[in-house]
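Student: For reference, the chains in residue letters:
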Amino acid sequence: MNEAVPPAVYRVEFNAEVCRWCRCCELACSLYHEGVCEPALSRVRVWVNTLEAEVKADLCKQCDNPECMRACPVEGAMTVDKATGARLIDERECISCGNCAEACPYNGNRAVIVFNRGRGTYVKCDLCGGKPQCVEICPHDALKYVKVGGV
Amino acid sequence: MLYGWVGRILTVNLTEERVETEETMRYAGQFIGGRGVAARIAWEKIPLNIDAYDPGNHLIFMTGPLTGTLAPTSGGRMEVCGLAPQTYPKPCYTRSSMGGYWAAELKYAGYDGVVFHGKAEKPVYLWVEDGRAELRDAGKLWGLDTFATQKALVETHGRGVRVVCIGPAGENLVRIAVIQSELENAAGQGGFGAVMGSKNLKAIAVRGSGGVNVAEPEAFLEACRYVKRLTHTYALHRAEADPDPKCKACTMSCTVKGCGYQVYRDVPGKLYPRSYTGAVHCVAGAFAQCVPWEAGFEAAQLSNLLGVNHWELIMGFGQWGKWLKNLKDAGLITQEEIGVPLEYPVEFDSGEFWSKIIHKIAYREGIGRVLAEGLPRAVDILGKGKEFSTHVAHGFATHWDGHIFGAPRFPHWIVSALTWAMDSRDSNVHGYAQEITYWWNDGKGAVTMEQVEKVARRVYGSEKAVSLESGYEYKVQPTIWHENNDCVKDSLLTCDQVFPVLYSRQGEDGYGDVEADAVLFTAATGIKATGAELNRVGERVFNLERAIAVREGRTRRDDETVIPYFKKPDYQGIPMDEVKFLTLMDEFYALRGWDVKTGIPTRLKLEELNLGFAADELGRIGKLP
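Protein chains in written order, with this note's numbering: chain R, 17 to 167; chain V, 15 to 639.
Hints listed in this document are in silico derivations from the structure and should not be mistaken for laboratory results. Take these hints with a grain of salt, some might be off.
Among chain V residues calculated to face chain R with C-beta under 7 angstroms, some are [said to hold, decoys possible]:
no.	residue
1	Y17
2	L197
3	R221
4	P231
5	L235
6	V281
7	L285
8	S289
9	T291
C-beta: ideal position from N, C-alpha, C; glycine also.
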């Protein structure tokens, strides 16, 4: 990736204050993309620690200067969605080296860039082409689809 | 490939410390999951004439095909079943449903359910992770409260571990001990916490990295969006009571009127020098009315921590059931007998008082030894206070019967009475009585009585099922419809507060869509079913549960034990007309295909429902009419 990456346009933002801990965003994501209700395959994770009344989320920030894209060794394996600005992994080109997952500074829980064992590829949030399923399903508007710049 | 179900049920023999598995589909084809599959397993495996604490009792945790999926409200629901110490006058088979995350995690770990039997020699817990399960020593956990137990197991096994467990109340065989998970999810009714205690089973910790396959992902996503849209408006009419719906861990934005789940952080204790992060929800709201508020919150958290059933505390002994207060006011019990000083002027609204009582119950100290037996047994032990008892029947205190909540009104509580008569525990009657109460709301609600009648005509076959002037007429049909539907939703599982979707603000006529469960079930499992077909499965489950009860000795005479309670005037001063109610019971048994005299299902009915095996067994023990 030598070319300059265009800045982010949209991203999904999480508001812990209004989240009701249901985690249906995880299921909507994995169902939409992988055809299964499986949190471990979701590109958004919500970590609920009820006993401390704490909730945190891992989700792609669609960084302006994406480390994941910089780390990808394969020309064309990571691209940018023209309409949404989403940073995409092209699964046909992905060689599953995992450099993107290593490079992402928000991927400590391996929940932003996720390895799909079944398909042998890395997957990440693609903003669902402009209609993020996690945002659509969230019953409490804890997830919002936000325009952050560009276009 | 299996869709909806994940395929295996864990069977844990605690005596021999042996863990085995069996195929879910051996049961699920006929009984779906949850309550249905549990009843089938109970029929096969629970021996006759044993006590709830006998090692032979089976404690069944069962999820359904919608558990762990995106289906609105289904996420973490499961049913806990077995012989219950709380039922009265003797332990009987019953059930308690709970939500949270544990049930979904169990499926992600590869299991649809866990069945325990036997008794461990020493305290143990079950550790389940991705297709493996083993019993571990719980010596260090025994004695810990439910939050500390969960924290300790997360400490041992790492983040993402979900736990169901018991507190000291379960360990000390308190008949009203719960099985607890997270802050405020519990299998509350039945006293199943004590069954765990009797088996030396402290907890089940689960982590899974798998998932639940869905037959038609696109159709299922669409069905979830549809049901969410249909019921989203639920929040609107509830918003009048609670503009900030707080129900946690749920995919809906609804909140039960006045019952919203509220989480509070670091509330200082009044009795103990510590602070509490916890929640109040449903009847625990009564604790929040204590003076001062913090002391009530502490009492609510102590009942979560020690594992004592909120319902029996509040609707029986406490502030709404007021049994203890009435006993004291009538001079039937002294402060010395209670053994906890009453603080003037707050007395029975004192949070500290209830905290002390809850502690005594959990550890069976003083008056706690009596109260730990549950309300009806406490009355028997003391030999007084029956006239103030809110015990309706079968061991359970008042619930949507027209006496304490200021609802439901006559004639709607006739359906409650009939449902109560036939059940093995308190009937929630949410689907019928609560829904009419909230949606119609004495003419001030989101739907008019004309609309409620129209929905009744469509779903139950006649507007007389609900109309205000209908009296005892046409009350059997809605009762049966809801009993069957309750079995369906407890088997899928879906939330009792939202399903069946009878009413909605979406359409002009106020009608929701009672096919919603079937649409979700079909898209999830790939098995085509209509609402009517599922209702038929519900009928099978209901009849099998009745066969279990009959095998335990239940007859019409036990059903009639609800009558004295309902003969007490309701909140508007209207008592049950016993003669009319007995006629209604005749009609119920006839329409159910049960023997009118004994209330026992006939061979014809059982065979029609593919329950020939139950007819054979009842025949063998001489109980078939």
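Student: Now look at each hint and say whether the structure bears it out.
Tutor: Evaluated hints:
1. Y17: Since the shortest Cβ distance to chain R is 10 angstroms, the answer is violated.
2. L197: holds, 5 angstroms
3. R221: Since chain R brings no Cβ nearer than about 10 angstroms to R221 of chain V, farther than 7 angstroms, the hint is violated.
4. P231: Hint holds; P231 of chain V Cβ to chain R Cβ min 4 angstroms, cut 7 angstroms.
5. L235: holds, 6 angstroms
6. V281: Hint violated; V281 of chain V Cβ to chain R Cβ min 11 angstroms, cut 7 angstroms.
7. L285: violated, 21 angstroms
8. S289: violated, 12 angstroms
9. T291: Holds, because the Cβ-Cβ distance from T291 of chain V to chain R comes to roughly 5 angstroms (cut-off 7 angstroms).
Violation of the numbered hints given earlier is confined to hints 1, 3, 6, 7 and 8; the remaining hints are satisfied by the structure.
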